[in-house]
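Enquirer: Spelled out from the first residue to the last, the chains are:
Protein chains: 2
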Amino acid sequence: MIEAFLREAARICGGAHVVAGAAIEPRYLEPARYAPGRAAALLRPASTAELAQLLPLAGRHGLRLVPQGAHTGLVRAATPEDAARDVLLATERLREVFELDPLDRTLRVSAGYRLAEINERLAPHGLMLPIDLSADPSVGGMLAHNTGGTRMLRYGDVRANTLALTVVLAEGQVLRLGRGLQKGNAALPLQQLFIGSSGSLGVIAEATFKLARCPRQQAVALVAPSSVAAVMPLYQRLMDELGSLVSACEGISRPAFEAALACGGGERARWFGGELPEYALLIELSSELPAEQLDLQALLQRWLEAEFGERVADAVLGADAACWALRHHISEGLRARGKVVGFDVALPRRHFMAFRAAGRAWLAEEFAPAELADFGHLGDGGMHFNLVWPKGAPPLDEARLRAGVYALVRRFEGSFSAEHGIGPQLQASYRQLSEAALLDWSGRLQRLFDPAARLGLTDWGPAAQ
Amino acid sequence: MIEAFLREAARICGGAHVVAGAAIEPRYLEPARYAPGRAAALLRPASTAELAQLLPLAGRHGLRLVPQGAHTGLVRAATPEDAARDVLLATERLREVFELDPLDRTLRVSAGYRLAEINERLAPHGLMLPIDLSADPSVGGMLAHNTGGTRMLRYGDVRANTLALTVVLAEGQVLRLGRGLQKGNAALPLQQLFIGSSGSLGVIAEATFKLARCPRQQAVALVAPSSVAAVMPLYQRLMDELGSLVSACEGISRPAFEAALACGGGERARWFGGELPEYALLIELSSELPAEQLDLQALLQRWLEAEFGERVADAVLGADAACWALRHHISEGLRARGKVVGFDVALPRRHFMAFRAAGRAWLAEEFAPAELADFGHLGDGGMHFNLVWPKGAPPLDEARLRAGVYALVRRFEGSFSAEHGIGPQLQASYRQLSEAALLDWSGRLQRLFDPAARLGLTDWGPAAQ
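Protein chains in written order, with the numbering used here: chain Z, 1 to 465; chain G, 466 to 930.
Same shape as in the complex, but just chain Z:
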C-alpha cells in the first residue's frame, strides 16, 4: 500500500525526493533531546504547488503528515512516531521565494529557509529578522512554535514580526493570508491561528516578515545584584530609565553560571573576582544611533555607577562576546553534569522570584539529588527552569517531577510552555493543565481544518471519550 503512495508522490516531487522508511537518513529521525522516531516515508517537496498535491494524496492513503523544518524543536513536534502511518514532510527544499523589499523592510520567504542564512543575506542591507536563538530553525519551524528568543523583549516574538502567511490545508487548498503590508484589517486574521499551531491545522509554505534595522552599536554588562530580592527592582529601574534601548535582559543562576564556566564559558576569575553571585543579569543595550550621538557604553556605565555605587565592581561592562559566550555555554555545561530535565516556563514578573524560591524548596524536599540550574529570559518572564539529575543518582520519576513543577507554575499564574510550543512531549501536560472550554474549542477548530487528523502530532482537543 505504501508503495502505491510512494509512486504517486514521486510523480509529484521527483523520485529523488521520496524516500521509503528504511532508507531515511538519521538526521530526519533523531531529535535534539529525545529518542529517535520512525516513519513510513520521507517527502521533500520543493514548492507550494507540490505541497498542494501531496497533502490530499497522503489523506487518500490514510497517512499522517509530520512537517519538519530544521528539526531543532524541543517538544518532538517534528519527529514522526509511527513506522506504518507517519510520513515525514521535510520543508528544507521549499526555497522558491526570497523577496526583500528594503523600503518596506519586508521579506517574503519560503518556509525552508533557515534563520542564519536569512540574516546573512540581509546583513549587507543593514536589516535583520530580529529573532535571536542558539538554534538555527527554519522559517516554518519558527512560525509553528512562535519562537521568542533572547531579544524578544525589544523586538517581540515571531508573531509580532509576521505580516502574511501562505498555508496549504489538508485537502490541498492554498490560503494566502494577509499581505506584506505593515497594517491591514480587511479580513478575519486566519493567519494568526497557524502561528504557534505546532505543525497542525495546515502546512506553512511561505511567510512575509517585518524586518528590523541592525543596530550600529551595542553595550553589554553582566551584573551581580546584591541579592535575589534585588533583581526585579533593578530590572524595573533599568526598564524605566533605559527601556527602549534594552535589547536583552537574561537571568543566570549561580549553578548555571558554574556549569557554563566548567565547559568553555570563560575564566572564573574575570567575573566578579571569581565570587559568583546567586543570580546574575546579562543586560544588552542596542541602538541604530552612532556612538557620536549616543554613547551606549558610557550611558550604561553611568547607569551602573548610579545603581551600584561603590560596588560597581559587581558589574562587568564591555565584554560583549564573553558575556554572550557565557550565556550560550549554559546548556552544554548542564549536559556535562548529568541528565538535564528542562522546563520552559513563563511567569508574571511579579511572581518570578517567588516561583523560583518555591521551586527550589520543593525540589530540595522531594527530589533531593536534583540541582536547579535555572536561567533564561528574565525580562519577558521566561525561565528555563532546568535541573540536573546527577550521574549515579537513583532513577528519576520524571512524571511526578513534571506534575509537581507544573502545579507550582499554575500556583504562580505562569505558563507551562513559554516558547517551545506543544508537541507529543507536552501533550499530556497540555490536557491536564488547560481549561475544558479551551480544549473543547481548540479541538473543534482543529477538526474544522483537519477533520481526519492527517496533520502533525499535536492533538489540541480534549482526550477522546
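Keep in mind the hints are simulated off the structure, nothing from the lab. Among the hints, erroneous ones may be present.
[As the list claims (entries may be wrong)] No farther apart than 25 Å at their CA atoms in a straight line, the calculated lysine to any residue pairs in the SDA-like style are these:
(1) G:K675 - Z:R402
(2) G:K675 - Z:M353
(3) Z:K210 - G:R875
(4) Z:K339 - Z:W389
(5) Z:K210 - G:L782
(6) G:K675 - Z:R410
(7) Z:K210 - G:A784
For this one, chain Z is given, so just place chain G on it according to the hints.
Expert: Coordinates of chain G only, in the frame set by chain Z:
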C-alpha cells in the same frame, strides 16, 4: 414576543438596563458618519456573568446581538439595522476589572472602559496604553477593529499590545484566552481570531494589555520635502538613522493642509512662510531618556540641517502642539468644504506615492469635481485617501467611485481597509475583493463560533447561494 425577551433580560441585568426599541437614546443609534440605525431593544449588562446569560437568551428568542462600545467606529459595525430583530448590546457598563500591574506593565481591564480614561488613570504611574487616536473608543471596540492610529509605527496595533482576552460565545460559554504574560505558547492562539473580528464570533468582555513607558521628552517637526518624489527617500533615511526614536510619521497633502488651516488649524504664515508644500511630513521623536542624556530636539535639528541644508526653513521644529493641532483639524476642515468620502487604505511603502498619483489622475478624469485631500499614517503605509465632493456639484455615484478606488488599491497591492475594519459599510467590497478560498474558510470559521448568525453585522463568508 420581544416583551418576553425584555422581561427575561431584565431579570438578568436589571430593568433599568433593558430598554425597548422606541425608548433608546439617539446616541446609541446615530453613528459618526452615517444615517441612524434601529433596534428592537438595548441591553446594558454590567458583567461577564450577565453576558453569559444574555447571549443564549437572545439566541433562544431568534434575536441578533450587535455589540457596541463607544460607537466611534467608521464602518457601521456597531449600529443595529433591524427594528424587529436586532438587539443592541452596549458594553459601557462592563467595568468590573481594572487591574494594573506596574512591574509586569500589564493592565487587565473590562471591555467597557474607554481609551482616554485608561490613559488618565495610567499617567501617574508613567505608563500608557500606546494607542493614539482622535476618537475615544472603548476597549472592546479597539479590539474588534484592531485599531492602529498615529503611533502604530512605534508601538504596533492593538493586537501587538494584547496579551489575553475573555470572550463570551453565542451559546454562553466563557473563554479565557491567554494570560497576562509577556509570552506563552501553551495553547492554540484563539484570542487572535477575535481581534479584528468586527464584533462577530463572540463578545469581548475583558482584555489584558501590555503597557508602554510614557516618554520623558518628544520633538516634533513639520517638514516640506522638495517634491513628492523626495518624500519616501526622506522617510527611508529618517528610519535608517533615527528609526527607533520615531514615534510618528504622518503625511499631509496640500489640500488637507489648506482645509485644516481654514478651520482652526493655525495661521498660514507660520508654516513655510505661507508657501505650503505639495506634501508635508509630520515627524515625531520620543524617548524615555531625559534630555541631559539625549536631546531629541537638538538631534532632530541636526538631522534636519543635514537633510535640508540651506533650505532648512522648509522644516518647522519645536511646535509640537501646533503641528498636532494642524494634523487633528484635517477631518473637520474637509467636512466644512463639502461631502467627504473617506477611504482608509494601506499600501506597500514602495507603491505609496505611485498609488496616490494614479488615484489623483483617475479622479481628475472620472470624477472631475472631486478634490483629493489625502493624509494619514505614511510611516506604516496607511493613507486616508479622502476626497471632498463640493457642495453644489452634481450627485456623486459613490458605488462607481468606490469600485474604481479599490481597483486601484488592488493594482498597487494594497489593502482596502487599513485600520477601520469591516462592517456593513464595507461588506460588499469585502466580498468582491477577497479571494474565494479566504471567504470560504472565514465563513466556516464564523459558523463554527456562531452557527445561527446571532452576533454582529458582518458576514465573513461568501454570498449565500
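Enquirer: Run every hint past the structure and note whether it holds.
Expert: Evaluation of the provided hints:
no., hint, verdict
1, G:K675 - Z:R402, "30 Å, violated"
2, G:K675 - Z:M353, "21 Å, holds"
3, Z:K210 - G:R875, "21 Å, holds"
4, Z:K339 - Z:W389, "5 Å, holds"
5, Z:K210 - G:L782, "30 Å, violated"
6, G:K675 - Z:R410, "21 Å, holds"
7, Z:K210 - G:A784, "32 Å, violated"
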